[in-house]
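Colleague: Sequence:
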Amino acid sequence: MPKFAANLTMMYTEHAFLDRFAAAAKDGFKAVEFLFPYDFASNEIKQRLTDNGLTQALFNAPPGDWAKGERGIASLPGREEEFKASVAKGLEYAAVLGNEKLHVMAGLIASDQPREKHRAVYLKNLEYAASEARKANIGIVIEPINTRDIPGFFLNRQDDAQAICDEIGAPNLQVQFDIYHCQIVEGDIAVKLKRDMKRPNAGIGHIQVAGVPERHEPSIGELNYPYLFELIDSLGYEGFIGCEYKPKAGTSEGLGWLKSYL
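Residue numbers (full-length UniProt numbering): 1 to 262.
Read the hints as simulated data drawn from the structure, not as lab findings. Note that the coordinates shown come from a computational prediction; the quantities given were computed from them, not determined experimentally. Fair warning: there could be bad hints in the mix.
Said to hold, decoys possible - Computed Cβ-Cβ distance ranges for the label pairs, DEER-style:
1. Ser-111 to Ala-88: 29 to 37 Å
2. Asp-112 to Asp-27: 43 to 51 Å
3. Glu-222 to Lys-259: 41 to 49 Å
4. Pro-226 to Ala-120: 26 to 34 Å
5. Ala-41 to Ala-85: 12 to 20 Å
As the list claims (entries may be wrong) - With a straight-line cut-off of 25 Å between C-alpha atoms, the simulated PhoX-like cross-links for lysine-lysine are:
6. Lys-3 to Lys-192
7. Lys-246 to Lys-84
8. Lys-89 to Lys-68
9. Lys-194 to Lys-26
10. Lys-135 to Lys-117
11. Lys-117 to Lys-68
12. Lys-68 to Lys-84
13. Lys-89 to Lys-46
14. Lys-3 to Lys-246
15. Lys-248 to Lys-3
16. Lys-3 to Lys-46
17. Lys-30 to Lys-246
18. Lys-259 to Lys-30
19. Lys-248 to Lys-259
20. Lys-198 to Lys-26
21. Lys-68 to Lys-246
22. Lys-30 to Lys-3
23. Lys-46 to Lys-135
24. Lys-248 to Lys-30
25. Lys-26 to Lys-192
26. Lys-246 to Lys-259
27. Lys-3 to Lys-84
28. Lys-135 to Lys-192
29. Lys-117 to Lys-84
30. Lys-46 to Lys-30
31. Lys-26 to Lys-3
32. Lys-46 to Lys-68
33. Lys-3 to Lys-198
Yeah, the Cβ is synthetic: ideal placement off N, Cα and C, and Gly gets one too.
Please work from the sequences and hints to get the whole structure.
Modeller: Quick look at the structure:
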């Protein structure tokens, strides 16, 4: 049976952030994820998890200056020391919140910038992040993101992400398979899940879902999610599936699709 985590950045936005934990638990979620925890003390978030019987599934390492449009710094030349500090900050929070996965965002690249230089920096930084995270028994995940939502994002395809993980060869470095992003860029979701789930060197470390194309509930849009959930289960995936979507109306009102899985 698939295990779902509510994404508290996108869901339950009708509540203040710290109140979203209780709202998710009330609706039957046993786990949560979100983009960033850094506006709050780690022990304050941990208390919300404990009070509501929730597991922390995932969050992102600091991405640079998000307010100014940065979307990660892992592939950005000249930002290596800042990247190391971001990994340390993410691992510091993970040690308190208890999640076993930390997402590292690649960042943006302009069309006139040298891609190979960015790739070399990206690999070196990921090797560092995986090494540091392994000391804490934490996995690092990297996510291909579609260029419609984030134009210029460095990493867009599942096969490219898997190749990077293969090249680095760290046992705790895997791909975050966001079905929404993959459908927009590549499609052929089921074949890619079958191809990558059992890869010996990398594989899929986390899965996220949303309806395509509007990024609403998985029950809305062009994808047959009941089939995909059954497939994911049959492939032996034991991690959480993050519900990273924007509810079309109220969050709780749109959870009819989830009831049979809880």
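Colleague: Which numbered hints does this structure break?
Modeller: Hint check: 3, 4, 7, 9, 10, 20, 25, 27, 28 and 32 fail, others pass.
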